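Trainee: Okay, here's what each chain looks like letter by letter:
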Amino acid sequence: MNESKAYYWLSLACFAPSTLNKILEKYSPMELWDNYDIILNSTSLGEKDGFKALRQFKNEDYLNDSLNKLRKNGIGIVTRAVDKMPQCLLQKEVAPPAVLYYKGDISLLKTRCFAIVGTRQSTTYGEDIAKRFASGLSKYFTIVSGLAMGIDGIAQKAALAAGGKTIGVLGSGLNCFTPSCNGRLFDEVCEKGLAISEYPPDMCATKYTFPTRNRIISGLSEGLLIVEANAKSGALITAELANEQNREVYAVPGNVDRSRAAGTNSLIAKGEAKLVVEYTDILNDLNIDFDKNIGKNDAVVLDNSELMVYNLLQNGPLHADELCLKLGMKIFELTPLLTMMEVKKIVKRTAASTYGLLAK
Amino acid sequence: MLSKVRSFGLHGIDGFDVCIETDISNGLPVLEVLGLPDAVNRESIKRVKSAVKNSGFYFSNKRITVNMAPADVKKEGPLYDLPIAIGILTASEQLSQDKVSEFAFIGELSLDGIIRPVKGIMPIIISALSKGCKKIVIPIENVQEASYIDGICSYGVASLKEAVSFLCGETIIEPIKIKPFPTSNARTTFENDFKYVKGQFTAKRALEIAAAGGHNILMIGPPGTGKTMLAKCLPSILPDMNVGEILETTKIHSVAGLLNSCDGIVGVRPFRSPHHTVSSVALTGGGANARPGEISLAHNGVLFLDELPEYPRNVLETLRQPLEDGKIVISRAANKVEYPADFMLVASMNPCPCGNLSSSIKECICTPSQIAKYLSRLSGPLMDRIDMHIEVDNVTYSDISSDETAECSSEIKKRVDAARKIQTERFSECNIYSNGNMNSRLLKTYCKLNKECNEMMEAAFDKLGFSARGYSRILKVARTIADLDGKENIEMKHIAEAIQYRSLDRRTGNE
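Those sequence lines, one after another, are chains E and Z. FYI, in numbering that gives the first Met the number 0 the residues of the first sequence are 0 to 359. FYI, in numbering that gives the first Met the number 0 the residues of the second sequence are 0 to 510.
Treat the hints with caution; some may be incorrect.
As the list claims (entries may be wrong) - To spell it out: a stretch of chain Z is covered by chain E in this simulated footprint if at least three of its residues, at any positions, have a beta carbon under 8 angstroms from a beta carbon of chain E; those stretches are: (1) 174-180; (2) 347-360; (3) 450-464.
I should point out that these hints are in silico values taken from the structure, not numbers from a laboratory. Keep in mind that this is a model prediction, so the values were computed, not measured. All residues carry an ideal CB built from backbone N, CA and C; glycine is no exception.
For reference, chain E alone in the conformation it holds in the complex (with noise of 0.2 angstroms):
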């Protein structure tokens, strides 16, 4: 029996975060796995059902056996025993859990990580944004987010696209992931990057595990980035959690008018995160060395009528048929005009039947 083994029968009971670290501020787990009887009949603790539930386990053969189980299946565990464990976790603040259970290339918990974090419904202009971003910071940083759907999940997506690392924290166990509609992305997380959690592999998600995780996603980055938060949502959990730990916490503003902007002008507002507009507010912000000239695309050569949808562009997106009225244009002249610009990457569609231009 050691320590690791231990922290492992302890993560058995699935107390809550803060219940766990109560717990092990007045004994260590060693203490616990060889004084168990005493303290379960002794103190206060005994009447808890998750301390009393660790007696069916409390056995070393059943814990090498399930362990033995876990690396047939892939998986791994980080304990806070081992030096795996990163120390940035290992923080009061963060409520650390006992152990972690992984799919994937664990050495990328020591790499410097950010979190990328949104609502699950996101808009087209979160998505870009989203996009936008996470390639950018994939190059210095790990992206960390919750493999969820919308800008989670896009975020995740765009730093594998750009050749960068991703550790997916998930709200479930790991043979239980959710979301299904990203099970291709969190498969090719586990092959690429990295899938961590701290339920045990067949724990199925409920309602209290997201919020709960978010702290390690928070806890794990360096800097937070909120890309598009409805006023209630998940991501603001996200946020709060961030500036307890004394993460910087970032905020790319959105539409006024816009509810799914709601939640990051606040945190705006309130001073509680930072604007940013690209990710080299974030690099400069950290004090990391990047390249000036990066993100400056090759000039495109444009011809005349192409200029001047361009020029109207500039204004923000328009409607096909705005253009046409206002270029003069019949239709069927205008749309192979668009299609060739969307190819060259200068405009894209917005909504339907609206172009804007495309961001560099």
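Use these hints to put chain Z onto chain E, whose structure you have.
Mentor: Relative to the frame of chain E, chain Z by itself:
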């Protein structure tokens, strides 16, 4: 005595020979009908009895046996009333068999001897012609339909009495005058005209292309953006029908009994818009007495499905085979019929349950799973068969306020007609009428791309995240755009435009 009367039955949209044999022999006064009559047919003998008596003829009170040959084919509908009556009158020697043998007879009788119109006269006369029948007696109310078929003398009669006196030579009835097929769209005014639609240039252009090439099209947009209005304007720009198309469509409408008795012909492309509560049998056709469904009634015309995801999935999936083959084969235990169903599918839908996903004005409040669930009501294979998808958005203020009057439908129709003419010539030996129906072999022949176009396609797939399934659809649409432009070869701008009409193909979140 035995008599034989020639008549025709209907199977699908084709007629078949039926010989009504009547035998009157000594015995108790019993009436028997043989030859798989349906319920309507069994009743027919009672109608005939009253009609014969009420027309002032003698109805034999001996044993009467009526056989409808061939005996193994089901006979449906009331169209054998008249031939049975003639058969009984002949068998009872009130008419001469020689005279009766010259004609074929079709018609339903009412109790007073009046001949009522029947369904499916047009296909019956066409088959009668091909089976060597020279003269046919039909209900007077069906003469309009019959008047387009040359080569056969059709005689319209109003009552049994008139029919008998005609056969006896007492009354002279002239055969129906043959009318030529209308060469151009007889109807010039439409209720809905594109000139009343302000703005929506993209959608209008897309519909013009769809009409010209017979492409299936899906309009996606928030509620209240005019998708239904646009679709309702579509008939006003559909190209004229050629004679082949008119014949096919009229046959189906004749079988369904939907022909307007003053025209007697379907000269305008049909526009069918079944509600989303439609059952799959109503859509595809079938039932106990096989009837053409909405898709066949829309043959050579438009089938408009408003709010596509609201249709039950099993109903939509039945469209897959007809969309591919242009016909529907309805197989039941007892029989099998085939109806043509070569229609242009026009559908509309919202992008998400709340409808505002692609709107530039309103915000969508749906969750991603709601949207995914909504869109999953449409299967991939079905969407594969739709050539064009366009997004329709709210009309902008500058559209409404602009003084420019929109182009009227008749102008657009001229371009559509011209493009369709090119296609008809191109496909004159291929048994199809439009680009929308090209198979992969024709696609290779007529949609060759030059190097520039190939590069454009490649860039679109590469940079815009297109999926491969849209490739041939883009080619077909580009072919139609080139036809509208009057160009023999597909050019880069045609491809570039066609690409814009595949909005659902674009992958998101993967650039």
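Trainee: Give a verdict on every hint.
Mentor: We went through each hint and held it up to the structure:
| no. | hint | verdict |
| --- | --- | --- |
| 1 | 174-180 | violated (count 0) |
| 2 | 347-360 | holds (count 4) |
| 3 | 450-464 | holds (count 5) |
Figure legend: structure checked against the earlier numbered hints; the only hint not met is number 1.
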